[in-house]
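Engineer: Listed below are the residues making up each chain.
Protein chains: 2
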Amino acid sequence: MVGPLSPDSVGLVEPRSFRHEQPLALDCGRELPGFDLKYETYGSLNAARSNAILVCHALSGDHHAAGWNAPDDKRPGWWDNCIGPGKPIDTDKFFVVACNNLGGCAGSTGPNSINPATGRLWGPDFPIVTVRDWVRSQALLADHLGIERFAAVAGGSLGGMQALQWTIEFPGRVRSALLIAAAPRLSAQNIAFNEVARKAIMSDPDFHEGRYAEQGVVPRRGLMLARMLGHITYLSDGLMRQKFGRELREGKLNFGFDVEFQIESYLRHQGETFVDRFDANTYLLMTKALDYFDPAAEYDGDLARALARAQARFLVVAFSSDWRFAPERSRELVKALHTGGSAVSYAAIDSPDGHDAFLLPNEHYFGVLRAFLNRVHAELEVAA
Amino acid sequence: MVGPLSPDSVGLVEPRSFRHEQPLALDCGRELPGFDLKYETYGSLNAARSNAILVCHALSGDHHAAGWNAPDDKRPGWWDNCIGPGKPIDTDKFFVVACNNLGGCAGSTGPNSINPATGRLWGPDFPIVTVRDWVRSQALLADHLGIERFAAVAGGSLGGMQALQWTIEFPGRVRSALLIAAAPRLSAQNIAFNEVARKAIMSDPDFHEGRYAEQGVVPRRGLMLARMLGHITYLSDGLMRQKFGRELREGKLNFGFDVEFQIESYLRHQGETFVDRFDANTYLLMTKALDYFDPAAEYDGDLARALARAQARFLVVAFSSDWRFAPERSRELVKALHTGGSAVSYAAIDSPDGHDAFLLPNEHYFGVLRAFLNRVHAELEVAA
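Listed in order, the protein sequences are those of chains A and B. Position 373 of the first sequence, counted from 1, bears residue number 373 in UniProt numbering, the numbering being contiguous throughout. Position 346 of the second sequence, counted from 1, bears residue number 346 in UniProt numbering, the numbering being contiguous throughout.
Just chain A, with the same shape it has in the complex (with noise of 0.2 Å):
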C-alpha cells in the first residue's frame, strides 16, 4: 500500500510556520529583520525532549521530507522512502524535523517574500546566505521547538554540508550527525557547473536582473537550463547508459535538432518540471551557499583543526558511483574527524545511481543508516 493511509508513513502532514521576531545577522554582513521558517516534523517528542532529529534539505528540497500534504497529492515527500514508522529514520523512535531553509522558495522567507523596508519582493536583493545562517536560523527554530541538543542531524549533499556545520557551530547541540554523499567544500569543477547553471538563469532575457516576478515572467529557459546540467551531475555515466544507452525514442536518426535520443527526453522532461516548481533566484542562492562553504578556510585550509570543535558522533556515507561528490572526498571528510578525534563510522556504498543514490533505497545504504541510528537511540534510553 503506498500512500498516507499506509503503515509505514508518517502519513497526512500539515506544514507549520515559525516565525522569529529579531533581527538575523548573516554572514554577509546584512541582517535579516526577521523571518519565518516553514517546517514539518513526524513522530512524537518524548519527555526528555533528546529525540528529534533535523533533516536538512539539499539544492532543491524542501521542508516536506515525509508524508502526504493532501491525500491526492502525486507524491509524499522527498524522503519518504527513509522517513517513517520501522523506516532507518524511525519515526517510532525518533522526532523528526525538517525546514524549508532561508532563501528557499516553498514557504520559508526568501526572494518571494516581502522586504518590509521596501514592500516589493525581495528577489535579486535577497542577501547571500550561506550554510551557517542556515544552521543557526535552525537553531532559533529548535528553541522555539524546546529541543536543547538534536539526537542527530542528518542530510546529503548540501544537506549533510549543513549537518556538518552544526557540529561546528554547535557543537553541544547535536548528538550525532549523519553526512551522506557530502563534502568538505566544491571542487573547482563543481563550482564550474554551478556558474554554468547560474549563468543560464542570469543571460535569460525573462531574468530581468531577478526582478521577473514583478514582471509577470519567469526565467524558465535559464531555469531550465540549470536543471538539465544539475541533472547530469547526479546520475552516473553507468546509470545514463543503463537507464538510457544511446536508445533513440523512435527508433531511428531523425536527422534534425527534435529531441532524439531517450536522454534527450529525460533532460528535458526533468527540467521542465523543474520550472514549474522552483524558484530561479532560489536557485542562484543554492549553488551560493554550495560554492561558499568551506569550514576549513577560517583554519587556514586545515580540515581537522575546523573540525576539532566537533562533539558529535559521525556517520559518513558516500557512494560507488557519485562523481559529483565522489566517495574520495567523504574520505576527505572522515581522516580530517579523526585527526580532530571525533569517532566516524564511515560506509562506502556500492550503487549504480550517482549522487541521488542518497535519495534512493537501498538495503545496505538503509541498513547503515538505521543501525547507525538504532545505536543513538539505545543510548538516549541509557541516557534517560
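It cannot be assumed that every hint is accurate.
The calculated lysine-lysine pairs, modelled on DSS-like cross-linking and capped at a C-alpha distance of 27 Å, are [unchecked claim]:
(1) A:Lys243 - A:Lys74
(2) B:Lys74 - A:Lys243
(3) B:Lys335 - B:Lys74
(4) A:Lys335 - B:Lys243
Don't read these hints as lab results, they were simulated from the structure.
Add chain B to chain A, keeping to what the hints say.
Structural biologist: Chain B in isolation, oriented as in the chain A frame:
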C-alpha cells in the same frame, strides 16, 4: 623564436578552396548541390604522391592547423605545436592536408553559405552532416590533390572519429590511422552534455530558429553557455584544482553574483571569446555529428565486425585524466581493432590536462606520435 620565421614553423600559409561541382549524397538522404572545402597544406607531396597526411579537426577546429595566415596573427594554427619541420607530424617528411569540414564556419560550405536553391543563407536548413559525409568529401579533396592513398589520417576527439571512419570507408586509401583521445561512439552522458549545449543555443531568443544572421543578431548567450559547458568537459577535475583551485579573483568573497572564483572568470572568458569566432548553427551540426557517430550500429553493435574492413595500421592514444573520452573508451577501440585483425599500437599517456591534452605538447605523447610516423615514413621509402 615564435612566429612564422621560426625554423620549426611551417611559416606563412595561405588557405585555399576546393570546389566540387557535382552533388554529394549525404547520410541524411538529402544531397548538397556541390560544395567548397577550405583547406591548407604544409610540406611537399613527394613524387610518388605517397607521403600525405590528412589532419582532421575536432568540434571547434578548422583548416588552419599550423603556421600563420598573417605575420601579425596572435596565434598560429590549432595544432602548430605538433605540425612543422622536425615536429611530430614532420613537414620535412610529410605533406600535410587539413580542411574545414562541411557544415563548418571557417570557409567551407555550411550554414553561412548561400543555398543555391533559395538564394538565401542555408542557416538551419543546412543538412545534418555525419562523420561519414565528411570523410567522403575529404576523399574528393584527396582526388583533387592527386592523393590516392594517405600515409596517415590523424585526429583528436571528433577528428579521431574521422580517422577511424576513413579506415572503414576507404580501407585501401589509408596506410595508417592515428586515433587520439577518441571513442567508438558517444556515451549517454556525452550526448547529454551535447543536448544541454544545443538547448542553450536553441532557447536563446536571438537564435530565431537558426535564422539569426538574417536578423542581424547572434545567439551569444546560448553559444557562450555551450562553450563554457564544453570547457568543463575538456579539463580534468585535477587540472581545474591545480590551475584555479578555489582561488577568489579579488581575494575575498563578495557575497554577490558577479564573477568571484578564478574558475568562473576563466569559463566566462572562454565563452566570450568563442562567440566572436564561431557560428551557432555550426556548433549544433558538429554536436549532432558526434552524437550520430557509431560505426558499430550497422553491425548490430559489433564494433569488431565494423572495423574488420580496415587495412590500416593503427595508433590509439588516450590520456589518463580525460573524462570526456576516458582511456577505457580508447581500449574499447583497441580491443575491437585487435579482434577485427588490425595491427594496433596503444599509448596511455599520463597527463593532468584532461581531454584538452590532445592539443598540448607532452614529451611522451609527441614521442609516440613521432615514433609511429617515423615507421610509417620508413615504409614509404621501402615501398618507393
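Engineer: Now tell me, hint by hint, if it's right for this structure.
Structural biologist: Do the hints match the structure? See the list:
1. A:Lys243 - A:Lys74: 23 Å, holds
2. B:Lys74 - A:Lys243: 46 Å, violated
3. B:Lys335 - B:Lys74: Given that 27 Å is the threshold and the Cα spacing comes to 42 Å, the pair is violated.
4. A:Lys335 - B:Lys243: Holds, at about 25 Å.
Hint compliance for this structure: hints 2 and 3 are not met, and every other hint is.
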